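Starting from the known structure of chain V, arrange chain U on it as the hints suggest.
2 protein chains.
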Amino acid sequence: MPVNLPTLSASSLLPINGVTLGFAEAHIRKPNRKDVLVIQLAEGSHVAGVFTQNRFCAAPVIVCKKHLASNSEIRALVVNTGNANAGTGESGLQHANQSCDALARLLNLKSEQVLPFSTGVILEPLPVDKIIAHLPTAIKNAQADNWLNAAQAIMTTDIVPKATSRQLSIGGKTVTITGMSKGSGMIHPNMATMLGYLATDAVISKQALDAIIHYAVNKSFNCITVDGDTSTNDSFIMMATNLAGHAEVTTSSEDFIALRDAMTDVAIELAQAIVRDGEGATKFMTIQVEAGKNEAECRKVAYAIAHSPLIKTAFFASDPNLGRILAAIGYAGIDDLDVSKLSLYLGDVLVSENGGIAASYKEAQGAAIMKEAEILVRVVLNRGEEAATVWTCDFSYDYVKINADYRS
Amino acid sequence: MPVNLPTLSASSLLPINGVTLGFAEAHIRKPNRKDVLVIQLAEGSHVAGVFTQNRFCAAPVIVCKKHLASNSEIRALVVNTGNANAGTGESGLQHANQSCDALARLLNLKSEQVLPFSTGVILEPLPVDKIIAHLPTAIKNAQADNWLNAAQAIMTTDIVPKATSRQLSIGGKTVTITGMSKGSGMIHPNMATMLGYLATDAVISKQALDAIIHYAVNKSFNCITVDGDTSTNDSFIMMATNLAGHAEVTTSSEDFIALRDAMTDVAIELAQAIVRDGEGATKFMTIQVEAGKNEAECRKVAYAIAHSPLIKTAFFASDPNLGRILAAIGYAGIDDLDVSKLSLYLGDVLVSENGGIAASYKEAQGAAIMKEAEILVRVVLNRGEEAATVWTCDFSYDYVKINADYRS
Numbered sequence: 007m008p009v010n011l012p013t014l015s016a017s018s019l020l021p022i023n024g025v026t027l028g029f030a031e032a033h034i035r036k037p038n039r040k041d042v043l044v045i046q047l048a049e050g051s052h053v054a055g056v057f058t059q060n061r062f063c064a065a066p067v068i069v070c071k072k073h074l075a076s077n078s079e080i081r082a083l084v085v086n087t088g089n090a091n092a093g094t095g096e097s098g099l100q101h102a103n104q105s106c107d108a109l110a111r112l113l114n115l116k117s118e119q120v121l122p123f124s125t126g127v128i129l130e131p132l133p134v135d136k137i138i139a140h141l142p143t144a145i146k147n148a149q150a151d152n153w154l155n156a157a158q159a160i161m162t163t164d165i166v167p168k169a170t171s172r173q174l175s176i177g178g179k180t181v182t183i184t185g186m187s188k189g190s191g192m193i194h195p196n197m198a199t200m201l202g203y204l205a206t207d208a209v210i211s212k213q214a215l216d217a218i219i220h221y222a223v224n225k226s227f228n229c230i231t232v233d234g235d236t237s238t239n240d241s242f243i244m245m246a247t248n249l250a251g252h253a254e255v256t257t258s259s260e261d262f263i264a265l266r267d268a269m270t271d272v273a274i275e276l277a278q279a280i281v282r283d284g285e286g287a288t289k290f291m292t293i294q295v296e297a298g299k300n301e302a303e304c305r306k307v308a309y310a311i312a313h314s315p316l317i318k319t320a321f322f323a324s325d326p327n328l329g330r331i332l333a334a335i336g337y338a339g340i341d342d343l344d345v346s347k348l349s350l351y352l353g354d355v356l357v358s359e360n361g362g363i364a365a366s367y368k369e370a371q372g373a374a375i376m377k378e379a380e381i382l383v384r385v386v387l388n389r390g391e392e393a394a395t396v397w398t399c400d401f402s403y404d405y406v407k408i409n410a411d412y413r414s
Numbered sequence: 007m008p009v010n011l012p013t014l015s016a017s018s019l020l021p022i023n024g025v026t027l028g029f030a031e032a033h034i035r036k037p038n039r040k041d042v043l044v045i046q047l048a049e050g051s052h053v054a055g056v057f058t059q060n061r062f063c064a065a066p067v068i069v070c071k072k073h074l075a076s077n078s079e080i081r082a083l084v085v086n087t088g089n090a091n092a093g094t095g096e097s098g099l100q101h102a103n104q105s106c107d108a109l110a111r112l113l114n115l116k117s118e119q120v121l122p123f124s125t126g127v128i129l130e131p132l133p134v135d136k137i138i139a140h141l142p143t144a145i146k147n148a149q150a151d152n153w154l155n156a157a158q159a160i161m162t163t164d165i166v167p168k169a170t171s172r173q174l175s176i177g178g179k180t181v182t183i184t185g186m187s188k189g190s191g192m193i194h195p196n197m198a199t200m201l202g203y204l205a206t207d208a209v210i211s212k213q214a215l216d217a218i219i220h221y222a223v224n225k226s227f228n229c230i231t232v233d234g235d236t237s238t239n240d241s242f243i244m245m246a247t248n249l250a251g252h253a254e255v256t257t258s259s260e261d262f263i264a265l266r267d268a269m270t271d272v273a274i275e276l277a278q279a280i281v282r283d284g285e286g287a288t289k290f291m292t293i294q295v296e297a298g299k300n301e302a303e304c305r306k307v308a309y310a311i312a313h314s315p316l317i318k319t320a321f322f323a324s325d326p327n328l329g330r331i332l333a334a335i336g337y338a339g340i341d342d343l344d345v346s347k348l349s350l351y352l353g354d355v356l357v358s359e360n361g362g363i364a365a366s367y368k369e370a371q372g373a374a375i376m377k378e379a380e381i382l383v384r385v386v387l388n389r390g391e392e393a394a395t396v397w398t399c400d401f402s403y404d405y406v407k408i409n410a411d412y413r414s
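Protein sequence lines, in the order shown, are assigned to chains V and U.
Using this note's numbering, the first residue of the first sequence is number 7, and each one after it goes up by one.
Using this note's numbering, the first residue of the second sequence is number 7, and each one after it goes up by one.
Chain V with its partners taken away, still in its complex shape (with noise of 0.2 Å):
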């Protein structure tokens, strides 16, 4: 079950004005589920978007590069589930575009203004006619309030829809920011399986919008992993209506930092609940890498940790099996690494030091915070001062079986 992962609900999810949302049933994989969500937005929005660095990545995710850089103005996208459309060529850049014809010339715009998303099973031809033929009811029951069906509807192995509202004043005007995400397995650094969507009514420059979504993405979904996977499709994608009636913030503007912020508090709150609801996932466990060098060898670090099938089980099982830790540090790729000068603590817990066990720690202080749902891992290099935070959850049975049924 997702850890700490609050139920959602639908009052809780602020509508974004100049943003709807529609959905189908197009029984693209399963019967009975919300598997096409269409997103429009109002005249003069700014979208900006971030997409997997896989060589493989998607034919939706090819055709949204190609869309965004068109600079034609965005008007609507167009999520379906069930099916990833990647690895699946030439045919699978046709069916991506079928879609955002379809939707383009049901809403009287042109292909170019049209954003395409995909999740699911790679390597299956997408069956883009029911996603065609369910445009029309998607489009119909299309509204504001609707971002819990919107968030239930980009879901495929994740338990519980993932969304959040914030809300800010720029300006004296009220500002509002919601989010959702999806994913749950193929997780990791450079964006997880997953799709993410971001947005706020605030008035913002192309420019600023392109600067928070790449400082956001930094500081969330590039933090997490739940089994090192790079997915084919991810996409995350900042949508800026710029209705909310204050001046427009640009990356000079006094309110920049502000709304910065304040997004990247929602996106990082849509990237920790991805791990929250982790493929299996019983625990929640921040690993915190300090005084390094500089900030890549603290990723390294703290991903080293993270993949570590062996601490994942560990930590399944409330074992403060800590040696594996250690392992993992000394084989993170840091050639130069001093091990006798580090400490790791478990929590508040000093638990080595001096590349051995720290003379005050008693296994029974290790027991009880690994019983915990929330678990921080602090590694502290002592070599700097840089440092890097990375999100992830611990690896059960449920993960095996999860992706060992997950087509069938």
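These are computed hints drawn from the structure, not numbers from a lab.
All clues given are correct.
Any copy will do: because identical chains look the same in the list, a pair fits if it lies in one copy or spans two.
Under the rule of at most 30 Å between Cα atoms (straight-line distance), these lysine-lysine pairs were calculated in the DSSO-like manner: (1) K407 - K377; (2) K407 - K40; (3) K72 - K146; (4) K36 - K368; (5) K347 - K72; (6) K71 - K306; (7) K225 - K306.
Since the structure is predicted, the reported quantities are computational estimates derived from the model, not experimental observations.
Chain U only, in chain V's frame:
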């Protein structure tokens, strides 16, 4: 259960002239199991070693390297299971030295003539007194035909002992090679959580033995992975007693290649045995990446596939969810990879080309191959002449169970 590992009989393991092996039950972690091994070597033997590259390398690894570098004639090895003597700081080094001192006293050697090895739980003090107290037993029952007992004495989470023998003829004399290995989890390139010992009566120069061990390790133990964790204690030792009666083999001898290849064959069989007995393994996979620009990029792709929990669970489930393999190829880190150029084969079946599903591919073909216990995954990058092979196993419920329960 181990994948296609034959039950070992004591008689299949050939004694090596000049090598005796003795064991004891010292109750280091668990009662009633062999957990101390002493190997004695005849005067005039040559010994070479390769060790973990983990920065947190264990105390016995540090001591082994020092003793080998001292150019003392190595005459004895002492191995314990149940405790890795890793992450144990200064006192760990003292303990490793104490066990060498004790064995040296009993055998009338200098401490530098003894190599120590430990495997088991990290971050707990080594109960060195128990080891020392049981050395006389392990000396008393030493015999040349004790290889099966020895292979059992070095097991931790291994289900079966792993050992093998080969013979070849050099200069009209029969030369015998016998080796054994242990390891099952925390198995990764640059050595596994593994101990490997290979002995031969061949007459071979120290320089030639050094050349052979590096060649053999690169073709064997550095090509396997179970879970991507590189251990603190990995050690592989080659011992040549020089008693076979033929002229000394040097790197320029006519027989060098034959001897090198025979010893490498033994190393490969021992390395593959570790994967076949990988924690929870039900399948043995060979990942072969061909036609790359260089060996390094081929290894990157092979390891991305071999480390992916999503792929490993799909193999466990016999589910030809092969898009996961394309995803792994895509995130393996080849920045200029053109995915439309590569081909993916499962066994002899072409699965993917031109960035999509091969026109000839039928899922029933993939499903049939996925049911087999030994599976070949072949990736043809079509961008060069180099290749690399990695062996791995699947990821099952039992992997989680074994590692969640390991200490308890």
